[in-house]
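Peer 1: What follows is the residue order along each chain.
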Amino acid sequence: MELTLDLGDEDEQEWLDDHLGERGLSIEDVMGAASSLVPRRKGDRLFGYGRGVGGRPIVVVFSKNQRAWRPRTAWPMNEVEERWWRRHGGG
Amino acid sequence: MVAKTRRRVRGPAPDARLRAESPAYTESDDWEAVAPQSMSVVLSVRLDAGSARRLTEMARLANQTASALVRDWTLQHLEQAGSTAHAISEAAPAYDEQPNEFESLRDRYRPEAIHVLMVGESRPAGGTFFYKADSHLFYATREAWVRAHGAAPHGAEFLSQLKDHGVWLYDLAVAPVNRMSGRPRREAVASRTADLVELMRATNPARVVAIKRSLEPVARSAMTSAGMNLDRLVVLPFPLYQWRAEYVEGLAGVFAALGDLAAAPAMPKARRVPPGPLSQGDNRSGAGHVTQPVTPNDLSSGQIRIPQSSKPVLPTEKSLVTALLRGEQLETTYDPRNGPDRSRSGVLRIPRAILRTSVQPYERLRLTVDGNTVRLD
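Residue numbers (my numbering), protein chains in the order written: chain A, 1 to 91; chain B, 1001 to 1377.
The set of hints was computed from the structure by calculation and includes no laboratory data.
Ideal Cβ placement from N, Cα and C applies to all residues, glycine included.
Check each hint, because a few of them may be wrong.
According to the in silico footprint, chain B covers these stretches of chain A (three or more CB under 8 Å from chain B) [stated by the list, open to error]:
(1) 28-41
(2) 51-58
With a Cα cut of at most 20 Å, we get these calculated DMTMM-like pairs of lysine to aspartate or glutamate [as the list claims (entries may be wrong)]:
(3) A/Lys42 with B/Asp1015
(4) A/Lys64 with B/Glu1101
(5) B/Lys1132 with B/Glu1143
(6) A/Lys64 with B/Glu1021
(7) A/Lys64 with B/Glu1032
(8) A/Lys42 with B/Glu1101
(9) A/Lys42 with B/Glu1143
(10) A/Lys64 with A/Asp44
(11) B/Lys1163 with B/Glu1187
Listed next, with one range per pair, are the computed distances between beta-carbon atoms [unchecked claim]:
(12) A/Val80 with B/Pro1036: 25 to 33 Å
(13) B/Asn1100 with A/Asp11: 45 to 53 Å
(14) B/Arg1213 with A/Gly91: 50 to 58 Å
(15) A/Glu28 with B/Gln1360: 54 to 62 Å
(16) B/Ser1191 with A/Asp11: 43 to 51 Å
(17) B/Glu1328 with A/Glu28: 21 to 29 Å
(18) A/Gly43 with B/Tyr1241: 36 to 44 Å
(19) B/Ser1044 with A/Pro76: 49 to 57 Å
(20) B/Tyr1241 with A/Asp17: 54 to 62 Å
(21) B/Leu1078 with A/Arg87: 31 to 39 Å
(22) B/Met1058 with A/Ser63: 50 to 58 Å
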C-alpha cells in the first residue's frame, strides 16, 4: 500500500507547525520522517516511525483524510519506541 | 489589525494516551503492517479566483492540470535554487551594466552570412545573456545542437561554432523587458521591428526562428515587409519550464537541416524541406486516415489534431514536417503528444490565418503521407 501525506493549505500547515513547535519539532521533521517511514495502520489511524531533522528518531501520528494521511501530532521516540522501530526495519 | 485566531495547542497529555496505544506499546494483530516507504506529499495552495482562472487557462494550453503546472514550476525553481533556502529570493537585476557591452558581444558573434536568424524579445533583466553563454536560452540552444549533431563545445566556443554555421540571435528590444508587462513591453518589442526588416532584407536568412509565441506576429510582419516567404518561419516557445523540451526539439530540427540551409542560401522562394523523420526510408502512406474535427478552438489555436488511429503514419517524436493543406505548402511542427501518463491526439501546428481560410469549423480532413509531406485535403 502506497501512502500519501497531506499537509493541507497554509492555515493547516501553520497550525501544524505551531503544534509541533510545542513539542520541539517542526514540519521539516515530519517531512524527514515521511521520506523513510516504518508505518503501522489501524483503521483511520496511522503511526509512522522515521527520522526527523538531523536524523532524530520521531513518531508521527496521522489520521485519514480521504485518500491521503494528515499528520496530527509527533514526538521524539523514547527507548521503547526506538527499539521497536529498529526491530521492524528502521534505524 | 485583527489578530488571527488559532486552534488551541494541546498539551502533552493526549500524546501520552496515543503513545500508550501505539504499536510499540501494544503490539497486536489489529495493527496492519505497511511496507516501509517514502510517502508522496500533497500540498494545497489557496489562490484568489482570478489567479486560479489564469492558472487553469495556462494549464489547458499546456495540456496539463493546474496542479501539475504548479508542481513543474516549483520543481524547476527548486532545481535552480539548489539546496540553499535563501536562493528563493531573486537576484537583483544588473541594470547598471552598459547595454553597449551586450551589443558589442552580440556583434562579435555575428556571422558573415546568416542562415538561421533567431529572433528573441530581449536579453534577460537578471544580467545573464545569450552571448555571455550563461542564460536559459543559451543552455537550451546548446542542448538543441547536441540533440541535432551529437556534441557541442561549451561557453564561448559554442558561440563561435554558431557563428561559423551562420546562426545569430537578434533581440527586438534593446533593454530587458522580461519584468515589464502590457503596453510598455509591446512598445519596447515593436521599437526595433523596422531594424529587423532591414536586417532580413540585408541577410535573407533561410530560416527565421521566433523565440516566444507572442513574437510570431512581429516576425511574420517583418518577413512580409522584407519580401520573405513565410514558410521559412519557425515559431518556438521560450525554453522555460515545460516548454524547454519543445524548444529543444524544434530547434534541433532546424539545426539538423543547417547543412542544407547553408548550401542553399539563395532560395528566396524555395520550399525546401529539412530532412525529418518522415524521410527516414519509411515510405508510409496514410490512405484512409482522417484528422479530428477541426473545432473553433483548434482554429483559434492554430492546430489540427491527429487521432490515435492516424498517428502511426506520422513521426513518433516532435518533428518538423511539411504540410500540404489543401494545396498550400508550409513547414510546420508535429507533436505526437505521447505523454508518460496517457497518449493524447497528436498536434500539427498550422498558422491561424491559413487554417481559418482553408478549413471550416468541425470539418475533418483526409490525411495522407507522401514522402516528406503530410497532405491534408
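Peer 1: Which of the stated hints cannot be reconciled with the structure, identified by number in ascending sequence?
Peer 2: 2, 4, 8, 9, 11, 12, 17, 19, 20 and 22
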